[in-house]
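Going down the list, the protein sequences come from chains B and Z. Position 96 (the first sequence) corresponds to 96 in our numbering; numbering is contiguous. Position 80 (the second sequence) corresponds to 80 in our numbering; numbering is contiguous.
These are computed hints drawn from the structure, not numbers from a lab. Since the model is a prediction, treat every value here as computed from it, not as a measurement. C-beta atoms are modelled at their ideal positions from N, C-alpha and C, and glycine is treated no differently. Worth double-checking, as some hints may not be accurate.
Label pairs and their in silico Cβ distance ranges [as the list claims (entries may be wrong)]:
#1 B/66 <-> Z/62: 32 to 40 Å
#2 B/49 <-> Z/15: 37 to 45 Å
#3 Z/66 <-> B/49: 38 to 46 Å
#4 Z/52 <-> B/56: 33 to 41 Å
#5 Z/80 <-> B/2: 26 to 34 Å
#6 Z/18 <-> B/28: 37 to 45 Å
#7 B/69 <-> Z/40: 22 to 30 Å
#8 Z/78 <-> B/16: 42 to 50 Å
#9 Z/80 <-> B/77: 22 to 30 Å
#10 Z/52 <-> B/5: 31 to 39 Å
#11 B/16 <-> Z/54: 46 to 54 Å
Here are the simulated DSS-like pairs of lysine-lysine, each with C-alpha atoms no more than 25 Å apart in a straight line [stated by the list, open to error]:
#12 Z/78 <-> B/42
#13 Z/78 <-> B/79
#14 Z/24 <-> B/2
#15 B/42 <-> Z/103
#16 B/79 <-> B/42
#17 Z/78 <-> Z/24
#18 Z/24 <-> Z/103
#19 Z/24 <-> B/79
#20 B/45 <-> Z/24
#21 B/79 <-> B/108
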Amino acid sequence: RKEVEQDPGPFNVPEGATVAFNCTYSNSASQSFFWYRQDCRKEPKLLMSVYSSGNEDGRFTAQLNRASQYISLLIRDSKLSDSATYLCVAPTNAGKSTFGDGTTLTVKP
Amino acid sequence: DAGVIQSPRHEVTEMGQEVTLRCKPISGHDYLFWYRQTMMRGLELLIYFNNNVPIDDSGMPEDRFSAKMPNASFSTLKIQPSEPRDSAVYFCASSGNRGIREKLFFGSGTQLSVL
Chain B
1 RKEVEQDPGP
11 FNVPEGATVA
21 FNCTYSNSAS
31 QSFFWYRQDC
41 RKEPKLLMSV
51 YSSGNEDGRF
61 TAQLNRASQY
71 ISLLIRDSKL
81 SDSATYLCVA
91 PTNAGKSTFG
101 DGTTLTVKP
Chain Z
1 DAGVIQSPRH
11 EVTEMGQEVT
21 LRCKPISGHD
31 YLFWYRQTMM
41 RGLELLIYFN
51 NNVPIDDSGM
61 PEDRFSAKMP
71 NASFSTLKIQ
81 PSEPRDSAVY
91 FCASSGNRGI
101 REKLFFGSGT
111 QLSVL
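Full structure from sequences and hints, please.
So this is what it looks like as structure tokens:
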């Protein structure tokens, strides 16, 4: 089993839609979690950090469920500019940061 | 802050040649990571360092790959000899000294093509 697994996608949604991605992790000792955004042919960039039950930043909400070992990312009122690949990562206590395979989102007009 | 700096941006080489990728982490960062990204395998962690010491190299595909960090401001990833299946984008990333609670800052990557 992979350390971090994500919804395979792709997700194709119209502008204004709400979309959610899930990410499961296998290391129960992971304490912090991150969502990164990667645009085509660019490097990943941090979108959100999740240290406790959840985090909200504008249209983006990340939630953590420790019992089921998954984190989710909710995007409300999708914009064309949200089209990208979203990667989750759950570092181990030793600092090892393994990424999921990513979920591709395409927002259409 | 100059960010993580990688060189070269693009590298085209022939099978069998030695390839060296370079990375300068953000000043003051204690962790340095090397990743490889392909369409088939996604973003794979190859190796990471803490305070210049390799901590986990289990992701290094085979002995043809080696990485060094001679000081806090420089790291190299070497492939010798290179093969076509090594073609990928190689990213270097660094993070600060709070360990697992730190976000990663990525360089722009090196696009490697082995013909």
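Against the structure, the hints come out as follows:
The beta-carbon spacing between residue 66 of chain B and residue 62 of chain Z, approximately 37 Å, falls within the hinted interval of 32 to 40 Å. A hinted range of 37 to 45 Å for the beta carbons of residue 49 of chain B and residue 15 of chain Z is consistent with their spacing of about 42 Å. For residue 66 of chain Z and residue 49 of chain B, the Cβ-Cβ distance of about 33 Å falls outside the hinted range of 38 to 46 Å, so the restraint is violated. For the hinted restraint 33 to 41 Å between residue 52 of chain Z and residue 56 of chain B, the CB-CB distance of approximately 38 Å keeps it satisfied.
In this structure, residue 80 of chain Z and residue 2 of chain B meet the distance hint of 26 to 34 Å, their C-beta atoms being roughly 29 Å apart. In this structure the supplied range 37 to 45 Å holds for residue 18 of chain Z paired with residue 28 of chain B, their Cβ-Cβ distance being about 42 Å. With their beta carbons about 26 Å apart, residue 69 of chain B and residue 40 of chain Z fall inside the hinted range of 22 to 30 Å. Distance hint check: the CB atoms of residue 78 of chain Z and residue 16 of chain B are about 49 Å apart, consistent with the given range 42 to 50 Å.
Evaluation of the 22 to 30 Å hint for residue 80 of chain Z and residue 77 of chain B yields a failure: the beta carbon distance comes to about 50 Å. Restraint check, residue 52 of chain Z to residue 5 of chain B: a C-beta distance of roughly 32 Å satisfies the suggested window 31 to 39 Å. In this structure, residue 16 of chain B and residue 54 of chain Z meet the distance hint of 46 to 54 Å, their C-beta atoms being roughly 48 Å apart. Simply put, residue 78 of chain Z and residue 42 of chain B have alpha-carbon atoms about 22 Å apart, close enough for the 25 Å limit, and the pair holds.
With a C-alpha separation of about 41 Å, the suggested pair residue 78 of chain Z and residue 79 of chain B falls outside the 25 Å cut-off, and the hint is violated. Straight-line distance between C-alpha atoms of residue 24 of chain Z and residue 2 of chain B comes to about 30 Å, which puts the hinted pair past the 25 Å bound. Our distance criterion of 25 Å between C-alpha atoms is met by residue 42 of chain B and residue 103 of chain Z, whose separation comes to about 17 Å. The hinted pair formed by residue 79 of chain B and residue 42 of chain B meets the criterion: a straight-line CA distance of about 19 Å does not exceed 25 Å.
With a C-alpha separation of about 15 Å, the suggested pairing of residue 78 of chain Z with residue 24 of chain Z holds against the 25 Å cut-off. Pair hint residue 24 of chain Z plus residue 103 of chain Z holds up; C-alpha atoms about 17 Å apart against a cutoff of 25 Å. Simply put, residue 24 of chain Z and residue 79 of chain B have alpha-carbon atoms about 35 Å apart, too far for the 25 Å limit, and the pair is violated. As the CA atoms of residue 45 of chain B and residue 24 of chain Z are separated by approximately 18 Å, the hinted pair is consistent with the 25 Å bound.
Taking the CA atoms of residue 79 of chain B and residue 108 of chain B, the gap is about 8 Å. The hint holds against a cut of 25 Å.
Comparing the model with each numbered hint stated earlier shows that hints 3, 9, 13, 14 and 19 do not hold.
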